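**Student:** Build the full structure now, drawing on both the sequences and the hints.
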Amino acid sequence: MGSADSRLRVRRTDGITQIEFVDRNILDEANIQSIGEEIASIIEAEDKPKLLISFANVDHLSSAALGTLITINNKVRGRDGELRLADIDPQIYEVFVITRLNKLFQIMDSSEEAMRSF
Amino acid sequence: MSQGEHSTPASATIELVNDRDAIDAVEDRIVELAEHAGFSKSARFALRLALEEAIINAFKHGHSGLPPDTTITVDYEVGPSRIFVAVEDQGPGFVPDAVPDPTLDENLELPSGRGLVLIRAYMTSVTYNERGNRVELVLERKA
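Chains as they are written, first to last, in my numbering: chain A, 672 to 789; chain B, 128 to 270.
Note that these hints are calculated values from the structure, not bench results. Among the hints, a few may not be true.
Below, computed lysine-lysine pairings styled on BS3-like, alpha-carbon distance capped at 30 Å [as the list claims (entries may be wrong)]: (1) K168(B) x K269(B); (2) K774(A) x K187(B); (3) K746(A) x K774(A); (4) K774(A) x K721(A); (5) K774(A) x K719(A); (6) K721(A) x K746(A); (7) K774(A) x K168(B); (8) K746(A) x K187(B); (9) K187(B) x K168(B); (10) K746(A) x K719(A); (11) K269(B) x K774(A).
Since we're looking at a predicted model, the values are computed, not measured.
**Tutor:** What follows is the structure, given as structure tokens:
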């Protein structure tokens with residue numbers, strides 16, 4: 672959002688907050704924590720938040736990033752909102768499959784498809 | 128080290144501090160050697176992920192309560208058909224089987240514990256020493 676050192680690109684379209692990552696690798700604990708806090712502040716600012724997180728630019732992510740996504744999912748559900756993940760590279764999607772998190776998250780092939788699904 | 132010579136394994140032992148740039152440099156080095164040895168893009172993806180998880184586990188969990196400048200040791204040997212990496216911390220160790228399985232339905236929303244699952248899924252073999260402070264990863268090239 673407004674912060675100069677944000678690790679996210681955020682825009683809002685038709686009541687849906689679209690989030691993209693600046694970094695190709697989401698590995699660093701400090702960055703992951705900062706990303707989690709930034710997204711939490713977006714969630715907490717809205718009633719029934721609708722969030723779309725795109726992984727279009729992401730080459731690598733760690734289990735710490737998965738943990739933050741779970742926390743984000745719990746926060747969204749706690750506010751009666753909806754979360755979609757999209758644009759996930761096949762190699763990264765495999766990480767979701769191995770950890771069975773593809774069962775927890777609503778994952779769409781593309782941002783366009785995800786936008787239509789809200 | 129003989130980077131680029133596919134027939135000669137490249138190996139080293141590194142004392143690593145908990146610094147992102149230093150961790151990246153080690154991961155980059157091993158993944159680069161794997162590329163030169165002819166490992167595929169998907170194998171290198173798997174390797175980097177397993178390295179990241181093993182190194183972060185060592186610092187975050189292995190060294191919990193220890194001074195932040197406590198180092199870990201990373202041994203690696205990259206050959207044309209097999210990559211070996213050992214990550215050893217200076218902590219008391221842990222019991223891998225005691226970590227809850229995060230892939231069970233009742234644990235899916237737990238925010239931690241997936242690193243071990245990913246390491247096991249992506250590596251050909253994963254071995255812990257008896258104390259539980261050293262993990263040895265082997266990635267063999269698929270035929």
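**Student:** Does each hint fit the structure? Answer for all of them.
**Tutor:** To see whether the hints hold, each was checked on the structure:
no., hint, in the structure
1, K168(B) x K269(B), "holds (12 Å)"
2, K774(A) x K187(B), "holds (28 Å)"
3, K746(A) x K774(A), "holds (18 Å)"
4, K774(A) x K721(A), "holds (19 Å)"
5, K774(A) x K719(A), "holds (22 Å)"
6, K721(A) x K746(A), "holds (12 Å)"
7, K774(A) x K168(B), "holds (26 Å)"
8, K746(A) x K187(B), "holds (25 Å)"
9, K187(B) x K168(B), "holds (28 Å)"
10, K746(A) x K719(A), "holds (10 Å)"
11, K269(B) x K774(A), "holds (29 Å)"
The structure agrees with every numbered hint stated previously.
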